[in-house]
Amino acid sequence: MVPLWDPQTARDVKVTTTPLRHKQTGEVAEGARVNWHLVAYLGLHHDGSLVTTPEPDILLPAGDFSVSGQRLQPIWVDVYAGAATPAGDYGMQVTIEAGGASITASVNVHVYDFTLPRKHSLPTAVGATVPSVRELLYEYRLDRRVVTQPGPPFDNYKLKEGEYSEFADVKPIIEAELDRYVAEGGNMFMIPTPHFKGDGGSNHPLGGFVNMNVIHNEADDAAWIVRYHRELAGWLREKGLLDKGYIYIWDEPRPKVYENIRSTRRLLREADPEIRTFMPAALTEELADEIDVWVLPPSDWAEKRELVDKLRRQGKEFWWYNAVAGTQLEVRLIWPRLLFWAIWKNNIDGYLHWSVDTWRFAEGRHFGTLHRIGTSTDCWWSKGPDPYGGAGTMVLPAPGKHPVHDGILTPARAGVLPTIRLAGVRDGLEDYEYFVLLQKLMESAGKDAQKDDAAAIAEAGKLLTVPPEIVTSLKEYTNSDSLLRAQRDRIAVAIELLDGK
938 MVPLWDPQTA
948 RDVKVTTTPL
958 RHKQTGEVAE
968 GARVNWHLVA
978 YLGLHHDGSL
988 VTTPEPDILL
998 PAGDFSVSGQ
1008 RLQPIWVDVY
1018 AGAATPAGDY
1028 GMQVTIEAGG
1038 ASITASVNVH
1048 VYDFTLPRKH
1058 SLPTAVGATV
1068 PSVRELLYEY
1078 RLDRRVVTQP
1088 GPPFDNYKLK
1098 EGEYSEFADV
1108 KPIIEAELDR
1118 YVAEGGNMFM
1128 IPTPHFKGDG
1138 GSNHPLGGFV
1148 NMNVIHNEAD
1158 DAAWIVRYHR
1168 ELAGWLREKG
1178 LLDKGYIYIW
1188 DEPRPKVYEN
1198 IRSTRRLLRE
1208 ADPEIRTFMP
1218 AALTEELADE
1228 IDVWVLPPSD
1238 WAEKRELVDK
1248 LRRQGKEFWW
1258 YNAVAGTQLE
1268 VRLIWPRLLF
1278 WAIWKNNIDG
1288 YLHWSVDTWR
1298 FAEGRHFGTL
1308 HRIGTSTDCW
1318 WSKGPDPYGG
1328 AGTMVLPAPG
1338 KHPVHDGILT
1348 PARAGVLPTI
1358 RLAGVRDGLE
1368 DYEYFVLLQK
1378 LMESAGKDAQ
1388 KDDAAAIAEA
1398 GKLLTVPPEI
1408 VTSLKEYTNS
1418 DSLLRAQRDR
1428 IAVAIELLDG
1438 K
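Just so we're aligned, residue 938 is where the sequence shown starts under the working numbering, counting upward by one.
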């Protein structure tokens, strides 16, 4: 909306939406829902002063608000069609009222005759600790599909400190959490390793489960690591889950710990050679034999393509990592969605979002806090352009005070806010499923194709290639949402065509 009144005047605004209705019958669409959000501008402060240009980003809850004249004010509307929604043409309306006047915009929606799978085809790891944040991710369909973190919450369990926990001791915990996780749709997870007597590592709780940066210092440590992981791997194999788990062997290691990584890998191979290792890091040939799944910043992947291709021929997997040019506030808002078109274009095996709630560390609130000016859409984060605070996460704590438990900020569900960037990731993951579905249908159609169908199948196959006008490189991509949606519609039409054969 563009308020045409005086810039010095702020007026109250009311927004209402109608349900999604079938264009011909007028009936409310079964299984559909319509939600709207007020888009807030997020600016970053440092020492009490604004240091960045405020960007539209935060999706505030629906409700009345105030806005100054002559300022562009976005309204975000999500229209969701579920598996039960029949194919066809639908419509809904958005009405905006202010100062005794109103305007209504119509939104046209076409529902295609196919359903996306419940599980993501692209393996994704999403770091989230705060329970209400995990709940929000479920709503945005980033979880309960193929995810690692937030996966089984092994980190919530406390074990005895300074002891060696045998697999039999912790099996009930692991089994209960994995059974629940798999039932909810997850099928990738970090293999849980209890904190052990001689461990001198970091990044994990004393007396709890660990998984990364494990430093073993004694012969007893080595014997326990082999024994525990051998028993765990055998049990996971019996359950058909060993290939879904991995050891997060280290997080962004420096060369001084490379030998520890090698020695840990030797122990894991002794325990079971099929245990996989996973590591976010800059790619280096020094550790090529130790890592099965490399998680790279897209820029590192682009700069080291020759080594990537060499290791890929050896069976290594390559994921992208949001640490650089991923979903930060400074990227163009279309990129968090196009990121997954780029992932498809470059045959990337998975995606890691290292954390969506790093602000949770409440001690000293050194990661900053979010503030909102009255009922306006002006918000600011108190910590400046800090990639580990408000600027680098896709979920933010609402303004105001929140409970703190064990040093962790734990807002209620209503106290965590999504962003346009989070919605972009959600939509990008769904776009990715269009490619997967089209590819599967083409493979199936190709087996039984008649001669007359060959041309149609070949034409549909061209859509599996992301055109350069959509994504050329990590730095060159379209800023046109209409161009993106038109290409997705072409893929959808091809899916319907092949699905009907």
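No wet-lab data here; the hints were simulated from the structure.
Please note: incorrect hints may appear among the correct ones.
[To be verified] Taking lysine-lysine pairs in the DSS-like style, the calculated list, with each CA pair at most 27 Å apart, reads:
| # | residue 1 | residue 2 |
| --- | --- | --- |
| 1 | 1384 | 1399 |
| 2 | 1338 | 1181 |
| 3 | 1399 | 1377 |
| 4 | 1320 | 1282 |
| 5 | 1241 | 1056 |
| 6 | 1181 | 1377 |
| 7 | 1056 | 1282 |
| 8 | 1338 | 1320 |
| 9 | 1399 | 1056 |
| 10 | 1282 | 1412 |
[Said to hold, decoys possible] Distance windows between CB atoms, simulated:
| # | residue 1 | residue 2 | range |
| --- | --- | --- | --- |
| 11 | 1193 | 967 | 52 to 62 Å |
| 12 | 1340 | 1011 | 28 to 38 Å |
| 13 | 1426 | 1011 | 44 to 54 Å |
| 14 | 1015 | 1191 | 36 to 46 Å |
| 15 | 1340 | 1236 | 15 to 25 Å |
| 16 | 1121 | 1030 | 28 to 38 Å |
| 17 | 1373 | 1119 | 16 to 26 Å |
| 18 | 1047 | 1009 | 20 to 30 Å |
| 19 | 1225 | 1193 | 10 to 20 Å |
| 20 | 1406 | 967 | 44 to 54 Å |
| 21 | 1311 | 1405 | 18 to 28 Å |
| 22 | 1180 | 1008 | 25 to 35 Å |
Backbone N, C-alpha and C fix where the C-beta goes; we use that ideal spot for every residue, glycine too.
Here is how each hint holds up against the structure:
With a C-alpha separation of about 18 Å, the suggested pair residue 1384 and residue 1399 falls inside the 27 Å cut-off, and the hint holds. Under the criterion of a C-alpha separation no larger than 27 Å, the hint pairing residue 1338 with residue 1181 is inconsistent with the structure, at around 39 Å. A distance of roughly 14 Å separates the Cα atoms of residue 1399 and residue 1377; the hinted pair therefore holds under the 27 Å criterion. For the hint pairing residue 1320 with residue 1282, the CA-to-CA distance comes to about 36 Å; that exceeds 27 Å, so the pair is violated.
Between residue 1241 and residue 1056 the alpha-carbon distance is near 31 Å, which puts this suggested pair outside the 27 Å criterion. Of the supplied pair hints, the one linking residue 1181 and residue 1377 holds, its CA atoms being roughly 22 Å apart against a limit of 27 Å. Taking the CA atoms of residue 1056 and residue 1282, the gap is near 21 Å; set against the 27 Å cutoff, the hint holds. At roughly 17 Å between alpha-carbon atoms, residue 1338 and residue 1320 fall within 27 Å of each other, so this suggested pair holds.
Between the alpha carbons of residue 1399 and residue 1056 the distance comes to roughly 25 Å, so the proposed pair stays at or under 27 Å and holds. With a C-alpha separation of about 14 Å, the suggested pair residue 1282 and residue 1412 falls inside the 27 Å cut-off, and the hint holds. At roughly 60 Å, the beta carbons of residue 1193 and residue 967 sit within the given window of 52 to 62 Å. The beta-carbon spacing between residue 1340 and residue 1011, approximately 31 Å, falls within the hinted interval of 28 to 38 Å.
One distance hint, 44 to 54 Å for the beta-carbon pair residue 1426 and residue 1011, is violated here, with the actual separation near 23 Å. In this structure the supplied range 36 to 46 Å holds for residue 1015 paired with residue 1191, their Cβ-Cβ distance being about 43 Å. At about 39 Å, the beta-carbon gap between residue 1340 and residue 1236 misses the expected band of 15 to 25 Å. Separated by about 36 Å at the C-beta atoms, residue 1121 and residue 1030 satisfy the suggested range of 28 to 38 Å.
For the hinted restraint 16 to 26 Å between residue 1373 and residue 1119, the CB-CB distance of approximately 21 Å keeps it satisfied. At about 28 Å, the beta-carbon gap between residue 1047 and residue 1009 stays in the expected band of 20 to 30 Å. For the pair residue 1225 and residue 1193, the supplied restraint of 10 to 20 Å holds, since their beta-carbon distance comes to about 18 Å. Roughly 37 Å separates the CB atoms of residue 1406 and residue 967, a value that falls outside the hinted 44 to 54 Å.
For residue 1311 and residue 1405, the Cβ-Cβ distance of about 46 Å falls outside the hinted range of 18 to 28 Å, so the restraint is violated. A C-beta distance of roughly 53 Å is found between residue 1180 and residue 1008, which places it outside the suggested range of 25 to 35 Å.
Going through the hint list in order, the structure does not satisfy hints 2, 4, 5, 13, 15, 20, 21 and 22.
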